Amino acid sequence: MKDAVNDALSEAFRLAREDAPVEEVDAAYYRLGILAVESGNLTGLRVAYSSVKDILLQDKLFNLGIDAGFFEFVRYAGLENDKDVVKRVGAAALNKGRVLDAKWAYFLLDDNGLLDDKSVLTKLGDLAFRSKFYYDASQIYARTDDHGRIRKLIVKVNKIGETGCLDQIIPVGLKKELDGRFAEWHRGKGFADTYSYDKYEVLNAANVLAPDYDIGIGNAKGGLFSSFYFSLFDLPVILAQTHHTKSRVTFRWHDSPEVIEGKKIIVFDQDIKSGKSLDRLIGEIGRHNPSFVDIFLNFDPVDTERGIGSKISNMPKGFRKVFYPELLSYDTYFDALMKVEEKWGYRK
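Heads up: the sequence shown begins at 1 in the working numbering, then just goes up one per residue.
Think of the hints as simulated: they come from the structure by calculation, not from any bench.
Note that the structure is predicted; figures quoted are calculated from it, not measured.
One should not assume that every hint holds.
Simulated crosslink set (DSSO-like; lysine-lysine; CA at most 30 Å straight-line) [stated by the list, open to error]: (1) Lys199 x Lys132; (2) Lys96 x Lys199; (3) Lys132 x Lys152; (4) Lys118 x Lys87; (5) Lys189 x Lys273; (6) Lys96 x Lys152; (7) Lys317 x Lys156; (8) Lys263 x Lys321; (9) Lys189 x Lys276; (10) Lys189 x Lys176.
Could you put the whole structure together from the sequences, leaning on the hints where they help?
And the structure:
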């Protein structure tokens, strides 16, 4: 079939070079297009489509391409703004089990307010779930309000350890709200810029851990992100700041530490490397006689000194328990989302 496509292409080019009648050249390119569709040759179809002058033949080639599953052909043909064409691509792709093509089409319609029947998103999400496209299923289900399916997805990825997709379940509007409020919060604390991490991991950690503590202590700047998110779950938070140079570690309280005495404390920081900054911090906290002190780190453990992650073996004495994302189950993650959404009411 490849030879037949090449022969048809050569014949069409020859006729075009020799200035053969337009009808004859069109017929040759149309034959090329048919052979290209039959052989799955998208390049051949593109050449045929762009070369045919007759509009009716061009439409026939377009229809043949879509029916054959060449959905990216819509973008090549510049028809992604045609609602009917995109709907047709979505329906055909969904019918053929082509998750990514169907997602492209239905998301394009949804983003432009042109998706008349939102139930197709549920069908597409189910297809993605069955196909083990959990990242895509998360994105799709985030556009529905089907709590049952979202919970089912969370249970599944939690069980198999593929929780990285769970950030996609957070509605777009809620993500923007969280980003805006975090920026307002840390600037209000006197930090013009800081670090951000995966929202889903910290939301989950805050929901699981916050009820067990009286006060959170954020080690700025690395602990600001978690401090903000834990505060959304009604945990009072104060801030401290350590700075590690080659010769020493400086420290200051950003807020009064008088509230620490007798309290159950959880510290927030992004990671641990040498452990010197946290050693200084736990020493300063200990001066105020807490009941106990635990810590939550944004980065999971790493075995090498240079890798991005936490060197848990360097954790100083004084911390009762050390938590990080991979230690925590995501069984109640959806409950965490619901708690935050209730504050501002976001689910697209």
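Numbered hints the structure breaks, given as an ascending list
2, 7
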